[in-house]
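**Student:** Spelled out from the first residue to the last, the chains are:
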Amino acid sequence: MIDSALIPKGLKRCPTWQFVAAIGVFGAVALWGVYAMLLCWFKGLNQTNMNDYYGFALWIWADLAVIAVGGGAFFTGLLRYIIGKDELKNIINFAVLIGFICYSSALLILGMDVGQPLRSWFIFWHANVHSMLTEVAFCLSCYFAVLTIEYIPLVLENRQMDKVPFFHNLSHNMHGVMAVFAATGAFLSFFHQGSLGGVAGVLFGRPFAFREGILIWPWTFFLFTWSAAAYGPCFTLLLTKLTEKISKKKLVKDNVVELLAKISGWMIFTYTIAKLIDTIYWANITAPSLGFKLSHFYSNNAIYGYWILFAEIILGGVVPALILITKKGRQNPTAFTTAIILAVIGVCLNRWVMVLQVMAVPVMTFDTWALYIPSWQEIATTLLPVAYGVILIIISFRYLPVFPQELELNPDESNKAQQNTEKAEENPALDAKLSPAGA
Amino acid sequence: MSKELSHNKVRRYGMVIDLDKCTGCGACMVACMAENNVPFKEDESNKRDSITWMKVYKLTNGKPFPNTEICYLPRPCQHCEGHDGHSPCVSVCPATATDYNSETGIVSQIYTRCFGCRYCMAACPYHARYFNWWDPVWPDGMEKYLSPNVSPRMRGVVEKCSFCFHRYQLAKDKAYYEGRSEVREDEYQTACTQACPAGAITFGDLNNPLHAVHQMVKPDLKHAGRPKSPNAFRLLERLGTNPKVYYLSDREWVRRAGDNYMADTKNHLEPKEH
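If you read the sequences in order, they're chains A and B. Under the numbering used here, the first residue of the first sequence is numbered 1, with each subsequent residue one higher. Under the numbering used here, the first residue of the second sequence is numbered 440, with each subsequent residue one higher.
It is worth saying that the hints were derived from the structure and are not from the lab. A virtual CB, placed ideally from N, CA and C, is assigned to each residue, including glycine. A portion of the hints provided could be inaccurate.
[Said to hold, decoys possible] With a cut-off of at most 25 Å between alpha-carbon atoms, the simulated DMTMM-like pairs for lysine to aspartate or glutamate come out as follows:
hint: 1; chain 1: A; residue 1: 248; chain 2: A; residue 2: 258
hint: 2; chain 1: B; residue 1: 661; chain 2: A; residue 2: 367
hint: 3; chain 1: A; residue 1: 43; chain 2: B; residue 2: 457
hint: 4; chain 1: A; residue 1: 43; chain 2: B; residue 2: 582
hint: 5; chain 1: A; residue 1: 293; chain 2: A; residue 2: 367
hint: 6; chain 1: B; residue 1: 497; chain 2: A; residue 2: 367
[Claimed, not checked] Pairwise CB distance ranges, derived in the manner of DEER restraints:
hint: 7; chain 1: B; residue 1: 659; chain 2: A; residue 2: 273; range: 20 to 26 Å
hint: 8; chain 1: B; residue 1: 609; chain 2: A; residue 2: 212; range: 42 to 48 Å
hint: 9; chain 1: A; residue 1: 214; chain 2: B; residue 2: 502; range: 24 to 30 Å
hint: 10; chain 1: B; residue 1: 613; chain 2: A; residue 2: 41; range: 42 to 48 Å
hint: 11; chain 1: B; residue 1: 507; chain 2: A; residue 2: 369; range: 22 to 28 Å
hint: 12; chain 1: B; residue 1: 700; chain 2: A; residue 2: 322; range: 57 to 63 Å
hint: 13; chain 1: B; residue 1: 464; chain 2: A; residue 2: 215; range: 47 to 53 Å
hint: 14; chain 1: A; residue 1: 280; chain 2: B; residue 2: 502; range: 50 to 56 Å
hint: 15; chain 1: B; residue 1: 574; chain 2: A; residue 2: 277; range: 55 to 61 Å
hint: 16; chain 1: A; residue 1: 276; chain 2: B; residue 2: 660; range: 38 to 44 Å
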């Protein structure tokens with residue numbers, strides 16, 4: 001392989017043409033997204049199907065969703081470095097990588113979503129301390145910086161980078177102080193995840209979103225933080241399983257996966273109880289005090305019915321929680337996969353409801369439901385971060401030691417790869433012929 | 440000093456709209472657009488992305504003919520005071536681009552500071568805030584007819600009714616020049632108020648007992664400005680937005696259309712405090 005010198009020692013990777021082809025396919029999707037993004041920047045947000053009723057739409061949902069599922073990074077970091085669950089060191093790199101992708105995507109989406117992107121810095125310069133969005137902007141930016149710091153040591157562990165003494169020592173020393181960044185990340189995440197929940201919860205003009213709470217924080221503040229910590233690890237596990245499936249090899253030991261799944265399961269279980277209490281209180285006390293029956297929010301329109309409440313809380317909460325908290329459920333591959341998929345869908349649905357349904361519900365008695373279908377530009381720009389994320393995972397997986405247990409879990413392949421590497425180093429001309437297929 | 444203007448007096452400029460007088464002619468909308476340089480599209484058929492600071496809604500009592508009744512409801516920005524100036528939109532703007540003026544009670548919009556996040560639009564239950572999805576384009580020659588007192592807005596920012604704040608500034612300047620400390624009631628009137636042929640819109644200081652708006656609705660300051668007048672109501676009173684636009688109607692169904700009611704609730708409930 002032309003790039004064998006960059007691949008971690010002893011690890012087998014797919015042939016170069018497969019790697020290039022995959023980058024090409026997702027690169028094409030990303031380019032399509034970039035084209036749509038440029039249209040939005042140069043021609044304005046009239047390229048979208050947003051309107052004055054739907055000022056928050058697909059992008060903001062995608063923003064909230066990637067931040068929620070990216071919560072695996074801060075929570076796994078908290079468990080590994082602060083609470084001391086040492087086994088999780090075998091999945092923390094991947095969790096950080098996913099977090100980095102999710103948060104950089106979130107910032108990119110915000111850059112597209114605002115009407116005057118060149119004035120984005122006003123949020124820091126003219127900050128309104130009463131606004132939840134101000135807190136989101138500050139904590140999100142700071143946490144992205146933390147994630148970058150957490151991702152750098154992994155990049156420096158690349159075989160060639162590691163040969164440079166400075167980078168080797170930097171990486172080593174950064175690992176040494178990583179607990180400080182993990183703690184900082186958890187602190188920042190608590191606030192920005194919560195503030196994102198607060199963004200909807202403080203809208204006292206929108207009874208569908210509005211929640212009471214403690215002091216300045218509505219209940220959604222705590223529910224969002226809790227759900228990100230609960231569901232984020234499920235997304236890390238889902239992508240781990242997907243990477244294993246595509247690379248056709250085991251990358252993380254079962255005990256590590258099971259530990260994270262068990263913690264995630266209990267978090268989802270407790271979150272779902274809290275969410276149920278919140279929903280019951282809102283439906284019976286908060287909304288009626290503002291003049292609204294629960295049925296007002298779930299009838300007289302083509303999409304939003306009670307099914308969405310059922311799908312979010314029961315299918316996306318109770319079911320995955322019950323599977324993941326039982327040993328049998330965790331150890332049954334089908335049940336396990338079902339649980340993590342349902343969990344990821346569940347949390348994304350929650351974010352959808354807290355953005356798009358909030359906009360859709362009529363508040364004035366003579367108003368009507370507002371439904372909206374995104375334009376192709378919105379879809380392309382929403383797929384852009386997905387394509388970018390896949391590309392970064394492909395590159396990181398190929399060139400960085402993302403999964404520390406990979407070598408140990410694949411000894412036969414590792415030996416072969418080691419031999420091939422050694423031969424290739426002796427005779428570079430043989431490189432192409434000796435490349436193992438598959439994987 | 441006789442020319443000194445009083446800076447401490449708190450005014451609460453507000454509007455009273457008599458829905459039984461409104462004919463739905465739309466003169467208020469036209470006057471507002473002309474006065475405030477409100478941009479428009481070539482094709483205005485999609486009302487959900489066109490800008491109408493003042494918008495007239497058509498309400499019906501839902502009964503079949505011959506008992507059908509119609510009511511037209513003009514809806515400017517409600518200039519909500521919320522609780523202590525924390526109106527729904529002002530409290531959420533991350534860049535302090537919208538502000539509650541404690542001197543006048545007017546909710547302002549600073550176009551050059553707004554960066555277009557649209558959080559204020561999500562917060563407003565009255566849909567009184569509009570986003571500039573396009574650059575404003577005026578037909579050839581029309582730019583010469585734009586008002587020099589109101590800055591046109593650029594693409595990508597939010598705008599809304601300002602209660603013709605520039606007229607307040609002009610009236611204040613005039614009063615100062617003439618050595619008066621007070622702006623008279625008739626000196627500061629919004630364009631929609633003056634344009635209404637039926638005289639359905641009244642504008643003035645709700646805090647001033649001499650002003651017509653105060654006398655018409657008798658705002659109860661102990662209860663966040665709730666009207667004491669039995670035929671007066673505010674939109675979505677129960678949410679606690681504390682708006683400064685009041686409506687009048689003799690018709691019960693019109694008054695009930697102003698808010699959401701559970702089957703067993705009475706007309707007047709305590710609004711929420713936020």
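**Student:** The structure should be examined with respect to each hint, and the outcome stated for every one.
**Tutor:** Quick rundown of the hints versus the structure:
For the suggested pair residue 248 of chain A and residue 258 of chain A, the alpha carbons sit about 20 Å apart, so the restraint of at most 25 Å is met. This hinted pair does not check out: residue 661 of chain B and residue 367 of chain A have alpha carbons roughly 30 Å apart, beyond 25 Å. Between residue 43 of chain A and residue 457 of chain B the alpha-carbon distance is near 42 Å, which puts this suggested pair outside the 25 Å criterion. Among the hinted pairs, residue 43 of chain A with residue 582 of chain B is consistent with the structure: their alpha-carbon atoms are about 22 Å apart, no more than 25 Å.
Of the pairs offered as hints, the one joining residue 293 of chain A and residue 367 of chain A holds, with about 16 Å between alpha carbons and a cut-off of 25 Å not exceeded. Proximity of residue 497 of chain B to residue 367 of chain A is assessed by CA-CA distance (about 10 Å); at most 25 Å being required, the pair is judged to hold. Checking the proposed 20 to 26 Å range against residue 659 of chain B and residue 273 of chain A shows it is violated: the Cβ atoms sit about 43 Å from each other. Range check, residue 609 of chain B to residue 212 of chain A: Cβ separation about 44 Å, and the 42 to 48 Å hint holds.
Checked against the hint of 24 to 30 Å, the pair residue 214 of chain A and residue 502 of chain B fails, with Cβ atoms roughly 46 Å apart. Residue 613 of chain B and residue 41 of chain A have their C-beta atoms about 44 Å apart, which keeps the hinted 42 to 48 Å range intact. About 23 Å separates the C-beta atoms of residue 507 of chain B and residue 369 of chain A, a value consistent with the hinted range of 22 to 28 Å. Taking the beta carbon of each, residue 700 of chain B and residue 322 of chain A are about 40 Å apart, not inside 57 to 63 Å as hinted.
Distance hint check: the CB atoms of residue 464 of chain B and residue 215 of chain A are about 49 Å apart, consistent with the given range 47 to 53 Å. Taken as a hint, the range 50 to 56 Å is violated for the pair residue 280 of chain A and residue 502 of chain B, whose Cβ atoms sit roughly 36 Å apart. A hinted range of 55 to 61 Å for the beta carbons of residue 574 of chain B and residue 277 of chain A is inconsistent with their spacing of about 49 Å. For the pair residue 276 of chain A and residue 660 of chain B, the supplied restraint of 38 to 44 Å holds, since their beta-carbon distance comes to about 41 Å.
In this structure, the earlier hints numbered 2, 3, 7, 9, 12, 14, 15 are contradicted, and the remaining ones agree with it.
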